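**Q** Chains A and B are the protein sequences, given in the same order. Residue numbering for the first sequence follows this note's numbering, starting at -9 and increasing by one per position. Residue numbering for the second sequence follows this note's numbering, starting at 8 and increasing by one per position.
Among the hints, erroneous ones may be present.
Within a straight-line C-alpha distance of at most 20 Å, the following computed DMTMM-like cross-link-like pairs (lysine to aspartate or glutamate) qualify [as the list claims (entries may be wrong)]:
id, chain 1, residue 1, chain 2, residue 2
1, A, K250, B, D18
2, A, K569, A, D559
3, B, K13, A, D131
Derived by calculation from the structure, the hints in this document are not laboratory data. This one's a predicted model, so the numbers in the text were calculated from it and none came from an experiment.
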Amino acid sequence: MKINVLTKKEKKNLIRILVALSLFIVIFVCDKIFVLANVFESSFGWLFPFLLYLSVYLIIGYDIIFKAVRNILHGQIFDENFLMCIATLGAFALAIIKGVLGETIEGFDEACAVLLFYQVGEFFQSYATNKSRKSISELMDIRPDYANLKIGNTFKKIDPSEVNIGDVIVVNPGEKIPLDGIIISGNSTLDTKALTGESMPREVGINSEVLSGCINLTSQIEIKTTKKFYDSTVSKILELVENASSQKSKAENFITKFAKYYTPIVVVIALVLAIVPSLITSNWMTWIYRSLSFLVVSCPCALVISIPLSFFAGLGLASRYGILVKGSNYLEKLSKANIFVFDKTGTLTKGNFEINSIYPKENYEKVLHLASIAESGSSHPIAKCILQKYNKAVQNNGYSLTNIAGQGVIAQKDDEKILCGNEKLMQNNGIKYTKCTNAGTVVYVAQNEEFVGYIQISDQIKQETKEVLSGLKSENIKTIMLTGDNEDVAKDVAEKIQIDEYKSSLLPQNKVEEIENIMSSKKPSDVVCFVGDGINDAPSLMRSDIGIAMGSVASDATIEASDVALMKDNLKGIIFAKKIANKTLRIVKQNIAFSIAVKIAILILSALGITSMWFAVFGDVGVAIIAILNAMRVNK
Amino acid sequence: MKRIIKLEDLDCASCASKMEDAVRKIDGVNYVSVNFITQTMTLQTSDENFDEIIKKVVKKCKHIEPECTLYL
Chain A
-9 MKINVLTKKE KKNLIRILVA LSLFIVIFVC DKIFVLANVF ESSFGWLFPF
41 LLYLSVYLII GYDIIFKAVR NILHGQIFDE NFLMCIATLG AFALAIIKGV
91 LGETIEGFDE ACAVLLFYQV GEFFQSYATN KSRKSISELM DIRPDYANLK
141 IGNTFKKIDP SEVNIGDVIV VNPGEKIPLD GIIISGNSTL DTKALTGESM
191 PREVGINSEV LSGCINLTSQ IEIKTTKKFY DSTVSKILEL VENASSQKSK
241 AENFITKFAK YYTPIVVVIA LVLAIVPSLI TSNWMTWIYR SLSFLVVSCP
291 CALVISIPLS FFAGLGLASR YGILVKGSNY LEKLSKANIF VFDKTGTLTK
341 GNFEINSIYP KENYEKVLHL ASIAESGSSH PIAKCILQKY NKAVQNNGYS
391 LTNIAGQGVI AQKDDEKILC GNEKLMQNNG IKYTKCTNAG TVVYVAQNEE
441 FVGYIQISDQ IKQETKEVLS GLKSENIKTI MLTGDNEDVA KDVAEKIQID
491 EYKSSLLPQN KVEEIENIMS SKKPSDVVCF VGDGINDAPS LMRSDIGIAM
541 GSVASDATIE ASDVALMKDN LKGIIFAKKI ANKTLRIVKQ NIAFSIAVKI
591 AILILSALGI TSMWFAVFGD VGVAIIAILN AMRVNK
Chain B
8 MKRIIKLEDL DCASCASKME DAVRKIDGVN YVSVNFITQT MTLQTSDENF
58 DEIIKKVVKK CKHIEPECTL YL
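Just chain B, with the same shape it has in the complex (with noise of 0.2 Å):
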């Protein structure tokens, strides 16, 4: 499943391959890739648990950068 996803107030580069490296050591996950100038997550999970897939997407982009909101 590809799931392209609105970031808001990502506000620093570094922050973003953080957040990428982060996403990728999730399970299920299969690509992800965190644009700093677009502002922009795309995420290729499996199929199974998506929703649960998402949420730990969230908690860890949450745990790196607060401020930036995920836009599912």
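Next comes chain A alone, as it looks inside the complex (with noise of 0.2 Å):
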């Protein structure tokens, strides 16, 4: 441990700690080896060792003798400090009785002792969710502290906020980008990888969009802005990072309420305890004491502490990933998600048309080439998909483009004629073709009345779909497909991907309705998840249980309508954030189990008088500490 990692507050109590701990032995020792009580021989022996250690327990313990009486004043009467200076004054009252009455004496070292401990470990556990805290912060920082404002030929530091649209800004290399805007001058290389966990840098030159939040790698760029800060996509990240842990879960809401019970009933049975069976057995000193020990473990911090901190450690190690989650409630939803709907096109598969085939190969050249001169004046995405192919420049000089709706494209240039469309095109041309057995847009080709091949185009299923979606599969989650297609295309694409279930020729209004069905029919236990590139699944997005969007960086009305985003363009997200959450949600429970079953094993422990009052704090101070340590495992 570091003490230039301290912050001051926490010096000042180490040092306090190590001056009481080194008296405390000290005097412990001596105690031990001379019996203090015994070194003046009168029967107010016990006043010496009792002042030595009252000494220590005021160095130690005077702050939280201070808090007891000013939040009892406050009229807080389940105050942890006054409810151990409680269980530590009654233990010296014990020890002082004893005295008076003559017996052996025993017990001022263990309320002193008591009181230290309770501080060593107050003490670990501030520095622990500290540092914790700074861990995970240090995660999500992408917040750029200036911008370099260009003024002529020179630059002036001030704050981002400050900067106006259209502004010219100056990014020297290893400096934060901290506006969104457009290069205009410079090439340079981007780490974007605190913006969607994507590590590959990016290269960038003139009229690159580029975004706030990445650090510039290489060069010096001059960015104009196209955003002010607030609306720049760094504050909208910020801003929904920093509010996410406001969403309480499930986990957290039990464990306030836990919290605000425990006491008062641990109190309470203390109570109950110091005097029930005292009166029965009128062994007085001993009840008293194992209801002082109850006292000692009646805070709830442990939990209360790690739960949170849990959460918070799960949003930030998302957030490495490139994942947004807007709230603790989601990663909890999202552990339980065991119905994942799908968007087809641009989230299962890439939202672009590609060639998938050319029938028959030998004619490969001369399909494509009749294709492109056809297609050369339109620019559909299929025509387009064509010609990228086809890559040459096109010799479309002289032909005449007549466009057939709904059919094809009928080019003629003296007496060739070249029909490029669908099978009605064919058939009403009284063309002989093949057809084509391969689900997907078939663009049929023919020339002079004679049929030369066809193109199949198919949209292209994204290379980490099927891997994704075994993988979601092997939790026992089951798949849904949602699509627009023709059912020809969505069974075709659901066989490859090897989809449980999917629903086709859906408008977008039905994706909704088709939601809303899985929704209103599924289990109360069963959690909906609707993945979707967001532009046009907004109300999907909002309907289901949890809306993940996907590649959202700039997309500020996905990023609102959604609980989830994925700022890379890729699936494998899911799976992360799924993950994510299944460890936080395991670790969140393990710690909620561990320290209710430790203070409760040390309840009965202490009533059946089995241990005493130092393995009451210990336990308690040790369980808490354990409860960080395992709530910083999320990070790893």
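Can you join these two chains into the complex? Each is in its own frame, and there are hints to help.
**A** Below is the structure:
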């Protein structure tokens, strides 16, 4: 443990603890060797060790006593400081009574030690909490501190919020880009990891759009801003992440409630324990001592700290992977999610068309060439992808292109006639064609009334889709695909990616209805998760239990509608998010079960008189520290 | 009106929830959430009497945890 990482307050406390601890050890050892109570031969011999221990007690506990008195005056009876004082002062009182009665003197050391170890525990707790708080916050530290505003040929460092739209800012290598904008001079490489979780650096040049929060790696660039700071990506993300932990999960609410009742209940039991058995056995000293041990474990702090800390660590870890989770409650829900509904285009598939196959193979060049001539005048996505594949300057000089709606294009030049379109076009022109049996969009090509071949075009399935779906299935998650495509295409894709169910030919509004159906027919324990690319999926995202939006760095509307946003357009983020959620919840449950079990065990053992107050304080402090350390495991 | 208030020396997690409870009861406070981890209080109040509400919030927090400072 390095001293320089401590705050001023922690340093002061550490010194105080060390002084008190060494004094305590000296007195304790002397007491055991010389028996301090017998140093002065008198019936008030107990006063000597009492005063020595009391001085240590006051050094280590003056603030606790002070707080206890103050909080009692403020009407807080179940204050942990107060209860600690009662426990330790009670132990002193028992020892004094023993002294006055002339019995063997014992208990001064214990009273003193309990408070001492309580303080040691508090110190570690505060240290561990601060440290974990720092390490999590560093993860999410993407806030730019300044912007270099360009004025003529000089720069001025100003607060990012003072930069206006259209101002030119300069970003040096190693600096964070403070505002969204467009590069007007310079080429560089950007580290976008903090935003997207993508570890590959991004090359940018003039006219590249850049997002705030990226780190400029290699050379100086000048950026013309397109947004104000509060509108910039980095502000949006920070606001989201900072607000995230205010959305409390059920586990957190449970703990808050538990904490509310725990202390009063323990105190009441302690009271009962002090009075009832004593009345029966008349052994007041024993039972009061046991009830005082109860008060030592009356603070629910271990739980109250470790649960939100675990969630926060989970949210922090997710954001490191470019996954923004809007609240602990969504993390909790995500761990329970067992029905995943996917939008097809843009989510499971890339959303851009690509040529799948050309038939027949020996006519490959010819088919493509003729199709490019016919499609050269169109800006339809299908035409675009054919031209892109052809990738040569198209010789369309002299061809007159006629568009036949719903069928295709006819290109004519002299006596050459090219037909390019769907089955209808072939049928209407009486051309014998070979029917394509694969699903997808098919463009048939004929030249001079003779069939040449066809081009089959389909939306490309994302590389990771199958892996992600089988990953989800291995966790017994049901997967459903929704698409606006026709039955054939939908079936084909569904078979290829091995999704459990699919619904085809859905208009955008049908998708929401479909989600509503799933939501209303599910079991209460089911959690429905909708994954979409966000642009027209906002209603579905909002309607489902958890809406996950993909690749949404730039889209504000999506971030608003979704509960979880994947900054990178990669489905694997879902698996990561799910894993993080599961891990977080596992640790949360461990902490709840472990802390409650240990506390109850201590209570039972103290009530039976098996353990002493020493054990109680060790157990209580130990469980808090273990819970905090366990919470930090989320981060690993 | 929404305000995020930085809290310093908020040492105990159960005090954080006590503060939250107490502030919630103040008239004019629509929403409050005390975040022990980020040491912040998110406060949403009605627009009228904002200064007065804040004064009450500070007073309540001081009452519960005198060591904790609110940075408005």
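**Q** Against this structure, judge whether each hint is valid.
**A** To see whether the hints hold, each was checked on the structure:
1. A:K250 to B:D18: It holds: about 18 Å lies between the C-alpha atoms, which stays within 20 Å.
2. A:K569 to A:D559: holds, 18 Å
3. B:K13 to A:D131: Given that 20 Å is the threshold and the Cα spacing comes to 17 Å, the pair holds.
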